[in-house]
Structure formats: structure tokens, C-alpha cells
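Chains S and X are the protein sequences, given in the same order.
If you're matching positions, the first sequence starts at 1 in our numbering and goes up one per residue.
If you're matching positions, the second sequence starts at 1 in our numbering and goes up one per residue.
A couple of the hints might just be wrong.
Unchecked claim - The list that follows gives simulated cross-link-like pairs (lysine-lysine, BS3-like), each with its CA atoms no further than 27 Å apart:
#1 X/K11 to S/K56
#2 S/K75 to S/K155
#3 S/K186 to S/K223
#4 S/K20 to X/K11
#5 S/K223 to S/K149
#6 X/K186 to X/K155
#7 X/K20 to S/K20
#8 X/K20 to S/K255
#9 X/K75 to S/K224
#10 X/K186 to S/K56
#11 X/K11 to S/K255
#12 S/K56 to X/K224
#13 X/K149 to X/K75
#14 X/K149 to S/K20
#15 X/K20 to S/K75
#16 S/K290 to X/K56
#17 S/K83 to S/K149
Treat the hints as calculated values from the structure; they're not laboratory data.
Below, each chain spelled out in residue letters.
There are 2 protein chains.
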Amino acid sequence: MQFSNRMSHLKASEIRDLLKLTERPEMISFAGGMPAPELFPSEVIRSGMNTVLSEKPEAALQYACTEGYSPLREKIARRMEAKFSARLSGEQILVTSGSQQGLDFTGRLFLDEGSVVLCESPTYLAAINAFRAYMPRFIEIPTDSDGVKPECLEKLLLETDNIRLIYVIPDFQNPTGNSWTMERRKAFMDVIRRFDIPVLEDNPYGELRYEGERLPSLMSMDKKGQIIFTGTFSKILCPGFRLGWVAADADIIRKYALLKQGADLHTAMATQMCINDILEKFDLEGHIRKLQQVYRSRRDIMLDAIAKYLPDQVQASHPQGGLFLWLTLPDGMNARELLEKSLRNNVAFVPGGSFFPNGGHENTLRLNYSYSPDAVIVEGIRRLGEVM
Amino acid sequence: MQFSNRMSHLKASEIRDLLKLTERPEMISFAGGMPAPELFPSEVIRSGMNTVLSEKPEAALQYACTEGYSPLREKIARRMEAKFSARLSGEQILVTSGSQQGLDFTGRLFLDEGSVVLCESPTYLAAINAFRAYMPRFIEIPTDSDGVKPECLEKLLLETDNIRLIYVIPDFQNPTGNSWTMERRKAFMDVIRRFDIPVLEDNPYGELRYEGERLPSLMSMDKKGQIIFTGTFSKILCPGFRLGWVAADADIIRKYALLKQGADLHTAMATQMCINDILEKFDLEGHIRKLQQVYRSRRDIMLDAIAKYLPDQVQASHPQGGLFLWLTLPDGMNARELLEKSLRNNVAFVPGGSFFPNGGHENTLRLNYSYSPDAVIVEGIRRLGEVM
């Protein structure tokens, strides 16, 4: 059997292989990007599902419209305004099977073999993998803790042929936890509006801010329909439902819908209707405040433990939100080698090199602080310190 | 903005556009492929979901393994043996977001631009659309009501370069309702085993047989791991959960899992665990017998109404199972034109030409008989007769 050319560009995610190792009960894992399961509003979700399957079983269990359940699309549009200052109508929303599906469709919509994707450096590993199925070339935009550097972006846009997509995560980025400053957001928009290239603003973490002032989404600053936005209920409700969305101009959404039709027809109706019910009845904003409180505390506990147990030469990011922080080890230290030792000491993380599509940066690593309870975080960082 | 080359090959499915028209309450629709909603075991599903979300909320709502929920994979493997005589282990099953996703992944795994897909003539419209995203060329294997013609298949395999996939629906095909005879199945296997080309056996309807003897799946006749099988719970339980599977050699399943990881990480866990619970507790086989009974009766009512109300020159297939039957109009009659008139008379169907990837056959059409109650079927065919 002959496989497609794209298969030679794809490899199993290290995070995924790691997650298998980390199923051992004695393992402390800072590797995944999982929310705290004890905070899932499971009773609310159970009750929502019960309502939907009692009151509207024929709609919840039948084939449905590709774009998504209309009342849910409307509610997502209204939340996009409340949370991300982006004024949208329901027809500008496509419900997806998790925001990962939005990444896949974005690659499918814009990329041909050899197309160039500009991305942050580092960037989200699973986005790299999603786009790789379409065989693009990645160019990393020089990035610091304030965001991508606008003058470098401009230079790339002027000098590079065949750029088809700019992919960015301005809020509490995966993997670094860093957010773009207001100044960088403005400068970014000033640069990109002069080019006819779509920008994917991937924003799974924007609502999980623990300190500092809320900053506007790129989409809210967009005057010409250039920004496409992917969002998700995975971090604010639960990932297991696989419920996300793409927000964009209605013309673009119609193209995404065409792709979704061929890919999986539509997202499960029962879960869409359940989330719709929850948005009507549940105090989601109160729930998000609770998540913010717990995750802020876990971040602080992890940062304190890092200061206490890790060598002084290790630098940590100080994320104002999201689920991750980023360590930079002294030059010459290799995080992949460190991981092998640290797995033997029953603590897991993701080596940072995986987040750079063109390689390098092997002295970095990503830590998740949302999943583990306080005492486990401290013990995990202590073990990591032992290994270092 | 520049879109990918593949976008110029994709167009909205006519079925889908039709479904929008058919939302008008006065419309009788034989256009979709929907199961009868009044037969959904909704109380069983509600109770299964309730159990899962009460007893295992943290697993049901968290991120999970890409391949699917292990107990469900095992159960699907056992059902594949009981129902399709294919002996498989759980690791040979990948749970997908509907079997449509299995079609998309199959295109992604095997097809490059210009690759050749051999398919039946006609074949399933949404499979054509799924594969088109990978820009193949379709060659239709000459097909009659007994299945594809083995000698024609052999000739194509010998004379055509760059064939990467053979796509077939041997049981109660969409759109014709026809099934392959035992003789044709054997002859097909005799031909394909001499070529190193994968065969996708798409089998959403196999369990919905209303008469005649059960015939073995191609997969059960495969000695060399050449057959890949897509199955679904959409027709035997409910489509709204989007729960299907791919069955194949474990090595191939690992490649599908790699694709699924980039496409949507995994299928919703709550729905997977709910179906698993249902398979443990519910008499699914008894439920399927009920579906068979109702759908057999609806098929007969539709065939009787066709005999009564449609002109004698119209030929109808006599499906032994599945959801569809196929009309051949006299030469020169055009089903697309007929549809325009018939929508004005409030009855909808799908013109058959859409099911031929290379066009033609405009004097054919597909009718669904599973969705509408008895009296509605009779009235719809009466209206169609009026239009003709």
C-alpha cells in the first residue's frame, strides 16, 4: 500500500506519547494541558444533558445542520462580544468538534504544499501537527515575552513569497504562558492590515486571566475581516465534550462549513444542545471566577516551588493566565535528556524543542499547573529539582 | 486572501442545500438519509448518559485517548465479529466522529493530488465530497444491481496508473439500495488480492437487512489486511451522537490515529461512554429487529405507491435493506428539472446525477424511505406522480 505524501510529514505528538507513560499512578504529570477535573461542573452538565434528552430527544439524536445548533451559535456570538469585544452575529460562528478541528480546517482552507505559515516562536505543538497535514513550510516570527516583534513580522511579510497564513495565540500562549502587550497588538494590526493574508487568532485561554487588565482580542481590532478566531469550551467547561468554534466573516464561515461537511457532517447535537442549556441556566461567569482563583493559586504555588527547588539559573515565565509556564534552562542543558531522567523520578513535562517547528531550543520546557493539586505541584517540582 | 487549490474542487452538497429547503413543514422529504426519529431509544440513551455523568464524570468530561474509549473499542470489535464475521481485537478499532470522519481520514491517508480512486457507479455523494478535499481523480467501476463487475475492475487495475484506493459499499448501497451477491463478493476478493491497493468497505447499513440471507463482509474474506472498514452507530442507534469507527490492521489504525490527533484530538468521551453503557445494558439486537420491521414496511409501502402512482416506464430498485431506493426514469427525462417542479409540489428527493463523480445519468434519482411515516410516504409518491 502506498500512503499519501503527507504521511511522511506527520509524527506522533510527544505530548501524546508522554500522556501514555503518565497514566502510571505514581507519576506526577506537568505534561498535558488538562483542566482540573475536580472542578468540572459535572452535576450541571448531567442535568443539562438530562433536560435535552428528555425534552428534545428527536432533535438531539438526529442529523443536523453542519454549521451548528442555531441558538448555540447565537450565544457564542454574544459571548464573543462580552468576552473578546468582537461584535458578531450567529452566522459568523461555526461550531467545531473542539478548537483543534478549527486548526485543521484552517490548514485545509488556506494551505497548499509549500505554502508558508508564519507563527510565533515557540508555538502550539498540536497546531503545527494539524497544519503539517497540508505540507506547508513554517517560518517562526521572532517573539519575546511581549509577543511577536512587529518589525520582524513586517520584514517577513515583505520578503517572503507564498505566505498563506499567520497563526498566533496572543493570550496566555501555549506553551510559554506569555501574553501580547497592548502596544504589540496595535503594532501587529498596523502591520497585517497592509497585507491580504489571513490571521488565525487561536484563543483557548483568554478567559482564564488571573491578574492584570483584560486586553482586546485581535478580532475586535480588525476592520477588514482578516482575523479568524478559534475558541473552545474545553478550558472553561470541559474538554471531553469536544466543543469549540470558529468565528470569522460570514463568507469565510461558509467555506469552513463546506470543509466540515466533508470532514464529519456536524458536531454531536446532544452535546451542542447541552452546552446551550448550560449557557442559559448556569452561572458560567461565576464558575470561571472559581477556575481563575484555583489556577492562580496553583500557578503561584508552582512558581514558589520553582524558586525554592530549582537551580537559580533556571528562568521561569510569569504567566498572567492560562494553564502553562515555561522554563529556560542554562545553555547546553537538554530538556529531552532531562525528561528521561525525570520520568525515572516520576515527574513528567514536555521538552520545549517540540514547540519550535524548525527545531532548536532544546534547553526549554513546558509545565502545566492547572491539573495537579497544590501538594502534588510542590512534590513534582521538588522531584524535578532533584533530577536537575 | 488566497484559498488552497482544493477549495476549487469542493462545492456544497446538493443534499445539504435541499435539506434546508425541506425544513418547510409542508414539504415531504425523501431527500435526506435520516433514520426515523420516533424510533430513537431516547429513554435508554438519556439513562446511559445519566449513568456515565453520575458515575464517571471526571473521565467523561476530560481529554482522552485519541483511539477511543477502550471498553467501547473492545465491544465494537466483538460486534464486528458477530455482525460482519470479521475477527478483530480492540486495537484494530479507531472510534471516529461519525463514519464520515473515517471517509475523510481515508482520503487523507492514501490520496495525493491526481491519485485515482476507483468507486462504484453510482457511489455515495458525501464520500466523493470527502475525497475531493485531497484532489484525486475518480474512475467509476462499471456496476450493475449485483455489484461491481469483477472483470471490469480487473481491467482498470491492470491498465490504470496511480490507483490508490478502491471505495465500495457492498451492503444496501447509498444511493441505489443494491447489495453485492455472494458470487460478486468472491470474485471481487479474487481480483483485488493480486494488487497492493487498499479497499475501503463502507458499511453503514449492513445490519439493516429486511429480507434474504446475510452475506459476509469483504473484511471477513480478507486474508492480507487489505480491507479497511467504516461502520457507525448512526443508523442502528442515533446519528446525532456522531459515533462511528474505522476497523483495520493495527498498523493502519495507528496511522489513522495520527490523523485523528491532528484533526480533532479525540471523539467526545461522554458520548463514547454512553454508547458503551448502552451496549452493556440495552437489547440493541432487539431494537435493530424493530427497525428492520418498520423500515421493511416503509420500503414496501413506497414500492407499492410507486407501482400505483408513477408511470410504468419508471424503474425502481428493490433493496433488501438499508434506507434508500433508486429510480431510473425514461431516457431524456431529467431528474434535476423534475426536482424543481416537485419542490413546488412539496416533495423532495435527490437527483441521481450527483452520485456519479464524473457526471451523467441525469435520469435517475434517490428516494429515502426510512424517515417518513406510512401515510406521508404514500402522499409524497402521489405528489411525485402528479409532477411526472
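For a C-alpha distance cap of 27 Å, please report whether X/K11 and S/K255 respect it. holds, 9 Å
So if I understand the rule, the pair passes when the alpha-carbon distance is 27 Å or less; does S/K56 with X/K224 pass? Distance of about 46 Å is beyond 27 Å: violated.
Is it true that the CA of X/K149 sits at most 27 Å from the CA of X/K75? violated, 35 Å
Holds or violated: are the alpha carbons of S/K186 and S/K223 at most 27 Å from each other? This hinted pair holds, its Cα atoms lying about 13 Å apart.
Between the alpha carbons of X/K20 and S/K75, is the straight-line distance 27 Å or under? holds, 22 Å
Starting from X/K186, check that the Cα of S/K56 is at most 27 Å away, please. violated, 46 Å
Straight-line alpha-carbon gap S/K83 to S/K149, limit 27 Å: holds, 26 Å
For X/K149 and S/K20, compute the direct alpha-carbon distance and say whether it is at most 27 Å. violated, 46 Å
Restraint check for X/K20 with S/K255, where alpha carbons must lie at most 27 Å apart: Status holds; Cα separation ~17 Å.
Between X/K20 and S/K20, is the straight-line Cα distance small enough, at 27 Å or below? violated, 44 Å
Check whether the Cα positions of S/K223 and S/K149 lie no farther apart than 27 Å. The given pair, whose Cα atoms are some 21 Å apart, holds under the 27 Å limit.
Given the hinted pair S/K75 and S/K155, is their alpha-carbon gap at most 27 Å? Violated, because 39 Å separates the two Cα atoms, which is more than 27 Å.
Going through the hint list in order, the structure does not satisfy hints 1, 2, 4, 7, 9, 10, 12, 13 and 14.
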